[in-house]
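Colleague: Take a look at the letters that make up each chain.
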Amino acid sequence: MTLATVLRRDLLLALRQRADVFNTLLFFLVVVTMVPLGVGPELETLRRIAPGVIWVAALLAAILSLNRLFANDYADGTLEQMLLTGEPLPLIVMAKCLAHWLVTGLPITLMAWLLGVMFSLPADAIGILMVSLLLGTPALSLIGAVGAALTLGLRGGGVLITLLVLPLYVPVLIFGAGGVEAVAGGLSAQGHLLVLGALSLGATVLAPWAIAAALRISME
Amino acid sequence: MLEAIDLECQRGDRLLFSGLSFRAEAGTCLHVAGANGAGKTSLQRILCGLLLPAAGEVRWRGASIRKLREDYWHELAYVGHLNGVKDDLSAEENVFFAAGLAGRARTREQARAALAQVGLAGFEDLAARKLSQGQKRRVALARLYLAQDAPLWILDEPFTALDVRGVANLAQRIGDHLGRGGVVVLTTHQDVPVPGRVRKLDLGAPPCGLEPLPDDGAAGAGEGGA
Chain D
290 MTLATVLRRD LLLALRQRAD VFNTLLFFLV VVTMVPLGVG PELETLRRIA PGVIWVAALL
350 AAILSLNRLF ANDYADGTLE QMLLTGEPLP LIVMAKCLAH WLVTGLPITL MAWLLGVMFS
410 LPADAIGILM VSLLLGTPAL SLIGAVGAAL TLGLRGGGVL ITLLVLPLYV PVLIFGAGGV
470 EAVAGGLSAQ GHLLVLGALS LGATVLAPWA IAAALRISME
Chain E
10 MLEAIDLECQ RGDRLLFSGL SFRAEAGTCL HVAGANGAGK TSLQRILCGL LLPAAGEVRW
70 RGASIRKLRE DYWHELAYVG HLNGVKDDLS AEENVFFAAG LAGRARTREQ ARAALAQVGL
130 AGFEDLAARK LSQGQKRRVA LARLYLAQDA PLWILDEPFT ALDVRGVANL AQRIGDHLGR
190 GGVVVLTTHQ DVPVPGRVRK LDLGAPPCGL EPLPDDGAAG AGEGGA
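Here the protein sequences come in this chain order: D and E.
FYI, the numbering for the first sequence is 290 to 509, going by the numbering used here.
FYI, the numbering for the second sequence is 10 to 235, going by the numbering used here.
Just so you know, the hints here were simulated from the structure itself, not pulled from any lab data.
Fair warning: this is a prediction, and the values are worked out from it, not measured in the lab.
Check the hints yourself; a few may be wrong.
[As the list claims (entries may be wrong)] Here are the in silico distance ranges between beta carbons for each label pair:
#, chain 1, residue 1, chain 2, residue 2, range
1, D, Gly445, E, His198, 34 to 42 Å
2, D, Pro456, E, Gly71, 40 to 48 Å
3, E, Gln119, D, Phe311, 32 to 40 Å
4, E, Asp172, D, Val494, 47 to 55 Å
5, E, Arg138, D, Val310, 13 to 21 Å
Cβ coordinates follow ideal geometry from the N, Cα and C atoms, glycine included.
All chains, please: the whole structure from these sequences, using the hints.
Modeller: Written out as structure tokens, the structure reads:
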């Protein structure tokens, strides 16, 4: 019930603030398309680095979108109201992360198909790339939200959140990009994907509690 | 119902108040008064449970609010000095989602009725960013018309930005709430036009426990603290 209300509210807000959402996705697209310009057009090189590049760009795009998660609610006082409801805060936070994933992680996953074609990845590698993003991006939203909650209301929070969250993204990056490379090398990506799924599931269970606690501290 | 025991509040290295104790029984309006920076907002945030007091505790129906948590917040309606109104949502959506968020699911019609009661009939579908400051305040206060099941209202400067009719309307609403056995804690610099039992808690005067400031004396009392 609360989950549905918060989800509807956040998606409606994302719809009204379309520009913010598009900026993140455009950033993702631009970063990835910059790489061939810098590295050079050799197809073999591009094909080899494509998974890593796309994953790194996805991490950066996720970081860029994190300040949208709580900062607006904090500034206009809605966050206070969320902390003072009879509903469990971790549930509210979970709904916010789900909404965040639906407008960043999911579109990034879909756009990866286009970028995979652009880097002339083989079809099975593109498939694994998308599956790995689908499994890994929820962890990006959830872990990032912990950082966003901790740095709420701090001066220079934007830089701090990057320093705080990027190291925590490392396992997701390694197993995400690693899975695609494994398939390109003729191996199975199953192990990588299972670890990614485990990371996201673990984050789903633990992160909401951490975010809720961090928000209460930030609001003091 | 609401009880504060030996509360102490420190912001930075400034002691705002200490040894503050009071009880507010059903049907009482507690008017928190005091100079700017005396700790009125801090006291309200402590009573809400947003801020931890340096010492002491707040009790609701005899139990500490730190233990009650969600059970306490379910009985609380808080309008802070930030409106909690989303600029990108319409007035009606704001009231509707705020009620849903507070765990008081209401229909769109009830949200519109609440807006009509704060004098915003006809503005329901207008984006909140297009409303004036006073109208936004009214959108925030419309929450109170949907919070009949919350016996405790904590209102920070509820009368700011409201016009004369708005003030009278809200005072009437608060009076009704007191008549039903509710408890209201509010801060305001105006005279409280609320009908019913109003008790004043002056943070600026020694009897209620505000100690003289430790070092720089009265000079600091005028600066913002909360």
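Colleague: The structure should be examined with respect to each hint, and the outcome stated for every one.
Modeller: Results of checking the hints against the structure:
Under the hint 34 to 42 Å, the C-beta atoms of D/Gly445 and E/His198, about 35 Å apart, fit the expected range. D/Pro456 and E/Gly71 have their C-beta atoms about 47 Å apart, which keeps the hinted 40 to 48 Å range intact. In this structure the supplied range 32 to 40 Å holds for E/Gln119 paired with D/Phe311, their Cβ-Cβ distance being about 35 Å. Our hint of 47 to 55 Å for E/Asp172 and D/Val494 holds, since their Cβ atoms are close to 50 Å apart.
Look at E/Arg138 against D/Val310: about 18 Å separates their beta carbons, and that is inside 13 to 21 Å.
Going through the hint list in order, the structure satisfies each hint without exception.
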